[in-house]
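Each chain is listed here by its residues.
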Amino acid sequence: MAAMLLCPPALEEVSMYSCLCKPAFVKTNMAATKQELCFKKETVSKLLSSFFKEDKTKLSADAVVLMTEMLKVFVTEAAVRSQKQAESEDCNQVEIEHFEKILPQLLLDF
Amino acid sequence: MTEDADETQVRRLKAAVHYTVGRFCQKIGEEHRREFSRQAVAAIAETTFRQCDIFAKDLEAFARHGKRTKVSVEDVKLTARRSAALSNYIQNRSEELALQHNDLKKTTGKKRRNTEEDTRE
Chain A
1 MAAMLLCPPA LEEVSMYSCL CKPAFVKTNM AATKQELCFK KETVSKLLSS
51 FFKEDKTKLS ADAVVLMTEM LKVFVTEAAV RSQKQAESED CNQVEIEHFE
101 KILPQLLLDF
Chain B
1 MTEDADETQV RRLKAAVHYT VGRFCQKIGE EHRREFSRQA VAAIAETTFR
51 QCDIFAKDLE AFARHGKRTK VSVEDVKLTA RRSAALSNYI QNRSEELALQ
101 HNDLKKTTGK KRRNTEEDTR E
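Chains as they are written, first to last, in my numbering: chain A, 1 to 110; chain B, 1 to 121.
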């Protein structure tokens, strides 16, 4: 219930998954610029594999693709929420304090 | 020696994450005309790196629960269960991937049939 205190309902509806709430925007962006930013599949695969406790555990190719998407959403959410926090505090630069403020809700959402 | 190798592997992975996170922050900073401080970028990168640890442990646990050694798409969908929006997004992406696979199968199937017909003729 701490999550509700941190993020009032009105804000929650608007800010939650800002990048996902506008799927049309994402699609047109993808069509317009072919240089879409994303993590390299190889990096994600190595990264996740390094954290597995057992050597036997492997990742399917589709799982890697989906995890790449998840990480992209995670980083985008972190950055956009930090930027919105900076905007609400009338700051010209996004500082670590802004990220710290949105971090608890971000971790609860993921 | 193997410990050093592990450490360099970890450092390389962190550097790769930091680079990509930096590019994301740069792009979002340009869109909203607000630069990200170096500390903020480093913090986001470190958090992403640590979040991967959590994702990986979850994925491994789900796969083991399903008595599998290979992490599947279903395991990834479970990791995205905390939010409806995220869950739907991952569901849509997985369906797109499945469609792409089906299209590939159809086109390779057609090509094989065409070549077979050509050889018969």
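It is possible that some hints are incorrect.
So, partial list: chain A residues that the calculated Cβ filter (under 8 Å) puts toward chain B [to be verified]:
#1 Leu37
#2 Lys53
#3 Leu66
#4 Glu69
#5 Ser88
Subject to a maximum C-alpha distance of 25 Å in a straight line, what follows is the list of computed DSS-like cross-link-like pairs (lysine-lysine) [stated by the list, open to error]:
#6 A:Lys41 / A:Lys72
#7 B:Lys77 / A:Lys56
#8 B:Lys57 / A:Lys56
#9 A:Lys72 / A:Lys40
It should be emphasised that the hints constitute simulated quantities derived from the structure, not laboratory data. Quick reminder that beta carbons are idealized off the backbone N, C-alpha and C, glycines included.
Which numbered hints fail = Hint 5 alone not satisfied by this model.
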